[in-house]
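Chemist: First to last, the protein sequences are chains A and B.
So for the first sequence, this note's numbering puts the first residue at 1069; every next one is plus one.
So for the second sequence, this note's numbering puts the first residue at 2; every next one is plus one.
Just so you know, not all the hints are guaranteed correct.
What the hints assert, rightly or not - Computed footprint of chain B on chain A, listed as stretches where at least three residues anywhere in the stretch have a Cβ under 8 Å from a Cβ of chain B:
| id | segment |
| --- | --- |
| 1 | 1077-1086 |
| 2 | 1154-1163 |
| 3 | 1231-1237 |
To be clear, the hints were calculated from the coordinates, so they are not data collected in a lab.
Don't be surprised by glycine CBs; every beta carbon is placed ideally from N, CA and C.
Chain by chain, the residues:
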Amino acid sequence: MYSIFLKEIRQFFSSLVGYISIGLFLVLSTLFTFVFPATSILDTGFASLDSFFSNAPLFFLFLIPAISMGMFAEEYKTGTIELLLTRPLSLNQIILGKFLAAFALVVFAVLPTLVYYYTIYNLAIPIGNVDTGGIIGSYFGLLLLAASFVALASFASSISNNQIVAFLIGVLFCFLFYMGLDFIAQLPIFVGRSDYFVEHLGINAHYLSMSRGVIDTRDLIYFLSLIGIFLLLTKLVMSKKK
Amino acid sequence: MSVSVSNLSKVYGEQRAVDSISFTINSGEVVGFLGPNGAGKSTTMKMITGFLEADNGDVKVCGLKNLDDPLAFKRKIGYLPENNPLYYDMYIKEYLAFVASLYQVKKPMLRVAEMIEMTGLQREQGKKIGQLSKGYKQRVGIAQAMIHNPEVLILDEPTSGLDPNQLVEIRELISNLGKEKTIILSTHIMQEVEAMCKRVIILNRGKIVADDSMSHVKARSHKQAFVNFKAKGKKAGNFHIDHIIFEDLENDFIRASSTKENALNEKIYNYCVENKFVLQHLEEQKNSLEDIFKQLTK
């Protein structure tokens, strides 16, 4: 599994995919957090990173399907999957290795944003007057959300041999789980009856709950099962293709 | 028994790609898979390597079954797939080191250097795979199949895209390897099989139509004799000899064939003398592997 992980990471950084996606994420999130007036924290008067944490999932919505679209689609298209599947590797190792590599790329993208925390820590009056617990919870939530997106996008990549189709399906799945279910919950047939339930099928409710700085086991279980289910579905699709 | 296949079948929709074929291959044998396009060669190979699941039947490699212990099973096999898929954005050494790490080869870099030398890639070793010509890519494909020193090598069209010099080198490489290892290779090129294989399995429409040693298959061809000849102003219809079939060819040549007569040329000569035909040309034809191939896969 480690070999697959390493190979994927090397491929990310030998084909520009890695640099472009990390760069794009950092440029966008910095612009939206510190420059554009509508969302800039410099204009809000509060030393909080809320606007970063509400914008970052939207960037991930496109970036994660983009880095994951080739994960399986390309291997099937070029036939290299044949080489992987005839090696002494289990399907689990292949899927997990690739999943972790894409997740690691997201972690690399998120790491530099710790500078934002340092910035607002120093901007706060008095210095250090920030909700550190809330920010730690938000980072946890953001990483779990990113991992869920990666799992959704890898599943999308396994069902099509065409990378563009895989990307579009990936965006659709991420959107559906991140915001779509919230919108669906507001439909008249759910309101007042099962809207709470439908809303909690989606990622956003759990993400918001974590950003309060409380790491609730229910949220943790939700994220881990979402990731688990979609990785299992990926495995199912791949073993069906045999 | 290095590889044994029994009643192997694969159905795609309505089409029986491989129709219950069985054979066993002993270690140290080089076996050629021959057959027209779509005969089921690649599908059979994919099932042996475990990439495709068979609808029916069993594959054993060195006594192991894929389903019992997939990882040990796959370790025994080196595989060069059809069309030689590779990661074009990786460097040759990087890719071979990656493959070596999957098999947990000891001293991987040493082994990579060995494979590069063995397949004659030294001059190209600093390049990315995508920059290589087809023949060199093919060598990388062969190198990755052999890197873990497998007992069974399965090569799907190993010599496609090679220039004549490379062809000779790769053939020698395969022949040398075949002394200790079991090799199954597929090809469309008959001379290839004649040059490298001791045994040939001819497939047609998913079935084995011939499975014999090279010398037997050739001997079989001598049972049917061919003679091409030319007699001034005469057509096939002018000749009537028992058990011999005459047919017109181009440029007034006539082909005589028989499965019963051995001394065809003598008969024809005598017939021409008796009937006062002017014999201009008489040539015995050797039945080549290509003819056998044509007959069996019609």
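Chemist: Looking back at the numbered hints, which does the structure fail to meet, lowest number first?
Modeler: Checked against the structure, the only hint that fails is number 3, while the rest are satisfied.
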